[in-house]
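Please model the entire structure based on the sequences and the hints provided.
Residues per chain are reported as follows:
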Amino acid sequence: MDQNEAQYHIVSYGTYVLVWIGLLILTGITIVISGLNLGGLSILAVLFIALVKTGLVLSFFMHLKYEETIFQIMLLFPVVILTIFIGFTFFDVSFR
Amino acid sequence: MNEKHRDYSGAKIGMWLFLFTEILLFGGMLLLYSVYRAKHSQDFHNAARELNTITGALNTFILITSSLTMALSISATQKGNKKLSTIFLVLTILLGFTFLINKYFEWGTKFHHGIYPNSPELLNHPKGELLFYSLYFVLTGFHGLHVIIGVLILSWMAVLVTKAKIHQRDFIKLENSGLYWHLVDIIWIFLFPLFYLIT
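As you go down the protein sequences, you meet chains A and B in turn. Using the numbering used here, the first residue of the first sequence is number 241, and each one after it goes up by one. Using the numbering used here, the first residue of the second sequence is number -15, and each one after it goes up by one.
Treat the hints as calculated values from the structure; they're not laboratory data. We treat Cβ as the ideally placed atom computed from N, Cα and C, and that holds for glycine. All the pointers check out, no bait thrown in.
Anything over 10 Å on all C-beta distances counts as not near chain B; from chain A, calculated:
1. LYS305
2. THR309
3. PHE335
In silico lysine-lysine, DSBU-like type, Cα no more than 30 Å apart, as pairs:
4. A:LYS305 with B:LYS67
5. A:LYS305 with B:LYS66
6. B:LYS(-4) with B:LYS147
7. B:LYS157 with A:LYS305
8. B:LYS63 with A:LYS305
9. A:LYS305 with B:LYS149
10. B:LYS(-4) with A:LYS305
Next comes the structure, spelled out in structure tokens:
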């Protein structure tokens, strides 16, 4: 069987370079924000940017945007599990 | 026709399942980090200031760029351009090495200042700083180990591409290796701000 059948979307070099530039700009923004001493807000902002960068890597570099839906649904499992872990741990820790 | 049956979607799903276990492995350690950070925020603040932001930023740049060359290498293979694919793959491997060399010097400097797991110097620090550095060494160490494994896998893939075992019509091995490499990049995307930026 041939892997390069219609199901495969070949991402162009240009798209990848654009994503790379986006990732570098976001990294720059993170460094600037963390230098501003915004306290708790800077932690949130920095983590938010890290999530956006992860989204870019997942969708383009890891082709998730072009995959069948099953891959996107599967990814929900570890995300939900981690969210439950972190959420419940902090319920415990913050109310002691 | 003597064709082997291959299940490319199945192979990719298997790879993603493995990556999920990796996410949970690092996720657990990051959970530990956030709880200790909440409990010892002042100590974490002091300890994080000791890490070199420039080295961290440089390594972020290196890893993001290596992710780009990795993705480009797969596109090149899909387009049937073996030579370009090999070049991008070799570039990815070299960038991986550069990351590790950087890390070697970074850890080296810390060791030189007497900061390494269980060092007498570190044991004199406040408890929170001790926790920060333990997490720093475990997490960046585990991450570095993943980079080493990634470099080994990609070197193997480079051999397969040159031998035309990976080509335009069968590149699942290269694709799955790429997925692994990108995951290592994603983990660093979190480690960099958590250890080097947020103080």
